[in-house]
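Construct the complete structure from the given sequences, taking the supplied hints into account.
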Amino acid sequence: MITRDLLLDILKNIAAVIKDNRQFLTDLDAAIGDGDHGINMNKGFKAVEEKLDTVRDKDCGTILKTTAMTLISTVGGASGPLYGTAFLKAAMVVNGKMEIDNEDIVKMFDEGIQGIIMRGKAKRGEKTMLDALIPAYEELMNSLKDGSTIAEAFNKACKAAYDGVEYTKTIRATKGRASYLGDRSIGHQDPGATSSYLIIKTVADTLNR
Amino acid sequence: MVGIVVVSHSKKIAEGVAELCSQMAHDEQKIEAAGGTEDGRIGTDAIKIMEAIKKADNGEGVAIFVDMGSAIMSTELALDLLDEDIKKRVVIADAPIVEGSIAAVVQASTGSSLEEVIMVAKQSKNIVKI
Numbered sequence: 001m002i003t004r005d006l007l008l009d010i011l012k013n014i015a016a017v018i019k020d021n022r023q024f025l026t027d028l029d030a031a032i033g034d035g036d037h038g039i040n041m042n043k044g045f046k047a048v049e050e051k052l053d054t055v056r057d058k059d060c061g062t063i064l065k066t067t068a069m070t071l072i073s074t075v076g077g078a079s080g081p082l083y084g085t086a087f088l089k090a091a092m093v094v095n096g097k098m099e100i101d102n103e104d105i106v107k108m109f110d111e112g113i114q115g116i117i118m119r120g121k122a123k124r125g126e127k128t129m130l131d132a133l134i135p136a137y138e139e140l141m142n143s144l145k146d147g148s149t150i151a152e153a154f155n156k157a158c159k160a161a162y163d164g165v166e167y168t169k170t171i172r173a174t175k176g177r178a179s180y181l182g183d184r185s186i187g188h189q190d191p192g193a194t195s196s197y198l199i200i201k202t203v204a205d206t207l208n209r
Numbered sequence: 001m002v003g004i005v006v007v008s009h010s011k012k013i014a015e016g017v018a019e020l021c022s023q024m025a026h027d028e029q030k031i032e033a034a035g036g037t038e039d040g041r042i043g044t045d046a047i048k049i050m051e052a053i054k055k056a057d058n059g060e061g062v063a064i065f066v067d068m069g070s071a072i073m074s075t076e077l078a079l080d081l082l083d084e085d086i087k088k089r090v091v092i093a094d095a096p097i098v099e100g101s102i103a104a105v106v107q108a109s110t111g112s113s114l115e116e117v118i119m120v121a122k123q124s125k126n127i128v129k130i
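Residue numbers (UniProt numbering), protein chains in the order written: chain A, 1 to 209; chain B, 1 to 130.
Where hints are given, some of them may not hold.
[Said to hold, decoys possible] Each computed BS3-like pair below joins lysine-lysine, with the alpha-carbon atoms no more than 27 Å apart:
hint: 1; chain 1: A; residue 1: K121; chain 2: B; residue 2: K129
hint: 2; chain 1: A; residue 1: K51; chain 2: B; residue 2: K11
hint: 3; chain 1: A; residue 1: K121; chain 2: B; residue 2: K88
hint: 4; chain 1: A; residue 1: K121; chain 2: B; residue 2: K54
hint: 5; chain 1: A; residue 1: K175; chain 2: B; residue 2: K11
hint: 6; chain 1: B; residue 1: K11; chain 2: A; residue 2: K46
hint: 7; chain 1: A; residue 1: K19; chain 2: B; residue 2: K88
hint: 8; chain 1: A; residue 1: K121; chain 2: B; residue 2: K125
hint: 9; chain 1: A; residue 1: K121; chain 2: B; residue 2: K87
hint: 10; chain 1: B; residue 1: K55; chain 2: B; residue 2: K88
hint: 11; chain 1: B; residue 1: K125; chain 2: A; residue 2: K65
Source of the hints: derived by calculation from the structure; they are not laboratory data.
What you are looking at is a predicted structure, and each value in this text was computed from that prediction instead of being measured.
Rendered as structure tokens:
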């Protein structure tokens with residue numbers, strides 16, 4: 001169960017983690033992309049943090065929809081419409097709800113991933129954020145089925161997302177600017193997968209506090 | 001008249017293409033530029049694109065020209081954010097941004113339908129230059 005206040009904490013913590021990692025994400029992106037992932041994500045989540053004050057007494061759906069619309073209008077790069085769509089899809093699952101139960105969490109995660117697949121016309125194994133998100137989702141779903149608490153399940157999902165980021169080092173990019181590099185993209189970890197891992201890790205860390 | 005929206009990562013490209021198009025257009029032709037981010041960075045903004053589509057639409061439809069990558073993704077997201085009744089008369093042209101926009105504007109200025117405008121714009125893919 002994630003209460004509205006906990007959701008607000010998670011989003012605030014994501015903004016802080018993205019800020020701390022903005023140079024790291026930008027450096028990763030400079031190697032194979034256009035070198036703006038950290039800057040763009042930081043712009044987006046900084047704006048989200050500022051916007052959260054205006055919706056802190058609203059339901060979880062409104063909070064997540066506000067997050068989505070803010071990311072869409074401020075990020076600038078591909079991660080804007082991708083994360084924006086994911087948050088928008090997740091928001092619809094908890095429309096009007098003040099608390100998010102475990103069933104909702106699984107559904108939100110799934111809807112978010114489906115949104116990214118639809119928007120990015122991508123699939124697993126193409127060196128994108130999906131390579132971190134899909135294994136994390138599967139791990140989360142299975143752990144909850146096996147009786148883990150939500151905090152434990154997110155820890156396992158975080159580990160799966162990390163392994164997913166490591167996996168992106170071994171494959172070539174076929175989506176986005178990195179695809180122009182072909183085999184030269186091998187050896188580099190995907191910046192989008194890395195930011196997805198950081199987001200999942202922040203959820204896990206916040207739940208385990 | 002079919003409206004035209006030009007989407008680019010660069011504000012200057014979007015405005016420049018729109019400026020060039022307006023030289024070839026009927027006075028009443030709507031041409032909207034949606035380039036760059038709100039704070040002047042290189043990038044695209046689905047909300048800005050959505051507003052440009054609304055401005056360009058006078059009921060006869062809108063043809064959108066995009067540069068690449070996230071410009072396409074942001075435009076598709078902008079379409080999803082629009083009401084169904086507007087969305088159904090908006091098409092992203094599979095055409096080069098400069099040549100396609102110009103071809104579309106000339107065609108739109110004659111009062112052609114959205115389908116005709118998009119078809120002519122698509123043909124600009126095959127322009128041989130030398």
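Violated constraints from the hint list, given by number and in increasing order: Those not satisfied are hints 1, 7, 11.
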